[in-house]
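Take the given structure of chain A and dock chain B to it, following the hints.
From first to last, the protein sequence lines are chains A and B. For the first sequence, numbering that gives the first Met the number 0 assigns the number 0 to the initial residue and increments by one for each residue that follows. For the second sequence, numbering that gives the first Met the number 0 assigns the number 0 to the initial residue and increments by one for each residue that follows.
The hints are simulated quantities; they were obtained by calculation from the structure and are not laboratory data. Fair warning: this is a prediction, and the values are worked out from it, not measured in the lab. Some hints could be false.
Unchecked claim - Computed Cβ-Cβ distance ranges for the label pairs, DEER-style:
no., chain 1, residue 1, chain 2, residue 2, range
1, B, G426, A, A20, 55 to 63 angstroms
2, A, E140, B, A267, 52 to 60 angstroms
3, A, G141, B, L70, 17 to 25 angstroms
4, A, E80, B, L145, 52 to 60 angstroms
5, B, A144, A, E140, 49 to 57 angstroms
6, B, A144, A, R189, 51 to 59 angstroms
7, B, L9, A, R76, 45 to 53 angstroms
Claimed, not checked - Examples of chain B residues lying across from chain A (beta carbon under 8 angstroms, computed):
no., residue
8, T268
9, R275
10, L276
11, A346
12, A347
Said to hold, decoys possible - If you want the ones that stay clear, here's a sample from chain B, every Cβ over 12 angstroms from chain A, calculated:
no., residue
13, L110
14, L218
15, F447
Even for Gly, the Cβ is constructed at its ideal location relative to N, Cα and C.
Residue strings, one per chain:
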Amino acid sequence: MVESDANAGPPALVLRDLRKAFAKTAVDGLNLVVRAGELYALLGPNGAGKTTTLRMVAGLLPADSGAIEVFGVDARRRPIEAKRLIAWLPDEPLLYDKLDPLEYLEFVAGLWGAEPRRARELADELLETLGLWEHRRERCEGFSRGMKQKLALAGALVHEPRLLMLDEPLTGLDAAAARQVKDLLVSRVRQGATIILTTHILEVAERLADRIGVIQRGRLIAEGTLGELRGAGSDEAASLEAIFLALIAQGERAA
Amino acid sequence: MKALALIGALVCVHGAFWWALRFGGPDGALSPDAALSRYLGIGALFVLPGIVVQAMNATTRALYARGDLELLFSSPVSARAVLGARALAIAANAIAWFAILLLPLANVNALAGHLHWLAIYPALLACGLFGAAIGVALSLAFFAALGPRRARLVSQIAAAIIGASFMLFVQGYASAPGGARAALMKAMQPEGAAGALDWRLLWSLPVRAAAGDIPALALWMTIALAFFVITPFALGDRFASAAVASAGAPSPSARMRKTRAFSGSLGATMRAKERRLVLRDPWLISQIMLQIVYMLPISFILWRNGGVTGSPGIAFTPLIVVVGAQLAGSLTWLALSGEDAPDLLRAAPIATSRIERYKIQAVLTPIAALLAAPIGVLAFAAPWAALWAALFALGAGVSTALLNLWRQSPSPRGMMLRRHSQSKIVGMLEHLLAIVWAIGAAMAVMGFWSAVVPVLLACLILWLSRSRPRRVSFPASA
Numbered sequence: 000m001v002e003s004d005a006n007a008g009p010p011a012l013v014l015r016d017l018r019k020a021f022a023k024t025a026v027d028g029l030n031l032v033v034r035a036g037e038l039y040a041l042l043g044p045n046g047a048g049k050t051t052t053l054r055m056v057a058g059l060l061p062a063d064s065g066a067i068e069v070f071g072v073d074a075r076r077r078p079i080e081a082k083r084l085i086a087w088l089p090d091e092p093l094l095y096d097k098l099d100p101l102e103y104l105e106f107v108a109g110l111w112g113a114e115p116r117r118a119r120e121l122a123d124e125l126l127e128t129l130g131l132w133e134h135r136r137e138r139c140e141g142f143s144r145g146m147k148q149k150l151a152l153a154g155a156l157v158h159e160p161r162l163l164m165l166d167e168p169l170t171g172l173d174a175a176a177a178r179q180v181k182d183l184l185v186s187r188v189r190q191g192a193t194i195i196l197t198t199h200i201l202e203v204a205e206r207l208a209d210r211i212g213v214i215q216r217g218r219l220i221a222e223g224t225l226g227e228l229r230g231a232g233s234d235e236a237a238s239l240e241a242i243f244l245a246l247i248a249q250g251e252r253a254a
Numbered sequence: 000m001k002a003l004a005l006i007g008a009l010v011c012v013h014g015a016f017w018w019a020l021r022f023g024g025p026d027g028a029l030s031p032d033a034a035l036s037r038y039l040g041i042g043a044l045f046v047l048p049g050i051v052v053q054a055m056n057a058t059t060r061a062l063y064a065r066g067d068l069e070l071l072f073s074s075p076v077s078a079r080a081v082l083g084a085r086a087l088a089i090a091a092n093a094i095a096w097f098a099i100l101l102l103p104l105a106n107v108n109a110l111a112g113h114l115h116w117l118a119i120y121p122a123l124l125a126c127g128l129f130g131a132a133i134g135v136a137l138s139l140a141f142f143a144a145l146g147p148r149r150a151r152l153v154s155q156i157a158a159a160i161i162g163a164s165f166m167l168f169v170q171g172y173a174s175a176p177g178g179a180r181a182a183l184m185k186a187m188q189p190e191g192a193a194g195a196l197d198w199r200l201l202w203s204l205p206v207r208a209a210a211g212d213i214p215a216l217a218l219w220m221t222i223a224l225a226f227f228v229i230t231p232f233a234l235g236d237r238f239a240s241a242a243v244a245s246a247g248a249p250s251p252s253a254r255m256r257k258t259r260a261f262s263g264s265l266g267a268t269m270r271a272k273e274r275r276l277v278l279r280d281p282w283l284i285s286q287i288m289l290q291i292v293y294m295l296p297i298s299f300i301l302w303r304n305g306g307v308t309g310s311p312g313i314a315f316t317p318l319i320v321v322v323g324a325q326l327a328g329s330l331t332w333l334a335l336s337g338e339d340a341p342d343l344l345r346a347a348p349i350a351t352s353r354i355e356r357y358k359i360q361a362v363l364t365p366i367a368a369l370l371a372a373p374i375g376v377l378a379f380a381a382p383w384a385a386l387w388a389a390l391f392a393l394g395a396g397v398s399t400a401l402l403n404l405w406r407q408s409p410s411p412r413g414m415m416l417r418r419h420s421q422s423k424i425v426g427m428l429e430h431l432l433a434i435v436w437a438i439g440a441a442m443a444v445m446g447f448w449s450a451v452v453p454v455l456l457a458c459l460i461l462w463l464s465r466s467r468p469r470r471v472s473f474p475a476s477a
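For reference, chain A alone in the conformation it holds in the complex (with noise of 0.2 angstroms):
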């Protein structure tokens, strides 16, 4: 059963006992609970049902059965409510070529109904820190993959939402562009903001994340912070790699 922060309003997202098969079963009566305010790391093998519980989350994807709250909202009764408060990223950068980024930021602020003379304020603000006001007039078709996934990242905040979803953001960026995405990413959660991100790159999660999940089949096995999670264990010192290789080990012979 899950609980609500009582300090800090309702919780970021609640999921309850959420379900999803296709040809077999991804997601597995997942119960999990993401803060108001906390950067949290979602991570699990190949397979284990990460991005579809994000896309049912997102409105992607209907899920079989269970329930999504998002800020207290029941993302299954009341989706356009729900969705105006998140923002997803998926690891392809949702992009048209033949826009240039301010008009694409214009595009998506438009989407979610955005004040317009903020949303202008903070796309130039946003462009700036991740290093694309030089290329504010080109169109995306000439751009590098990085430079894509940094201004689909841009389109994400740029209606600042509260909840905030990012599948692999790190993917395709070179060592520069992955720290800048990292420095706005940590400073969008001191501003208030909640992000839930997965990755493969656990180094990420190891020095990012507030609290981290590990998912397998479906299922959340265990959770915590970094040190809960080594605490759990036998090696207090372990790095992220060991206890994640470790509990995936032990998910799989308890199968």
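Chain B in isolation, oriented as in the chain A frame:
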């Protein structure tokens, strides 16, 4: 199921041709005489440019969209073999389009005992090979002459003009003074003692081949095959280097404009996005140009002498309706099915139906503006006809837009343009709706109350085509 539908459609086309020739065909037109040659000449004027256009568009798309070209050119397959295979695919596709119309006509006449009509089969095959070779060569010539940045737009506009050449020729001929027409016909007729290489004989070669003249057919096939074989050998390396050059071509940057505020209206934002995507796509612009090129000579003739029939409304109202239907259909198909970021729209806090409505508005508004000019000109000559043209064009445009709304085939826009992946059935239904609305418009202009029958028929076609696409969203999505 698809095979049954195809067989059904073929039987219907055969039946329609049989009915038309049995009750409406000119006497003696089935035998190889001057009248037949005239019909076949018009046919060749229509088919050959059509195939050249398809080849130019396909070559340009292959060069810029690239697709599998990088894989092919990184493999040990020669550039000539790649171009040869591409040209063969282009020819096959183009032949298939025209075969749907022409081969049933040949079959019906052959079944009536006029076996020389079967010569259309090899003549069309030769047209496909010849047209594909010319189209590929022209596209590569534009690329060599203008460079990768300009070649795409120029090549596609040239393709649009070549595609309209049939219409331009017919309209130009109709508007020329009688003396000029007679002189042209005289110049085109070979004299009795003309040699085998007389240009007038070569000009009429495809026509004589299709009419069943065996030596002409053999010569036409030899020439077509030679062109088709020589093109990949001569241009294979150029094709490969053009593909490499197009990859390095800088994308056009938008003009630096003054900083302005974001729009606060969702409708305005959606319309601006769709408008930009259409205006920045050279292939799409070439298709719209094609429609405009078709309409320009018509407007000119209408202004000059009131139309070829003496009743401009009857002549031009159906044409305006067809253009409106086709443009609305193809642009709505692109706007609704060709979405590069579908998950972005689905994740946005807006009902899908609202997004679709804005997209349809975004494409229908410029089409209305485009058709306003010919309808305005028509209003001077025939005010009632202009009114009917506006109403029926609106009905036709909305109906083809609805068809594409109900029969979406989602895929990224670049992929759609590369494959031209609109469902063949939807394409055929679009043509059918355009024709039915055009017939209704002509009947309305003539004052027949029975014009309501085609309108009801169009509604019936739409109703039968109604099917909502499966949407991936929350179960309770608005």
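Hints the structure violates: just list their numbers, smallest first. 1, 2, 5
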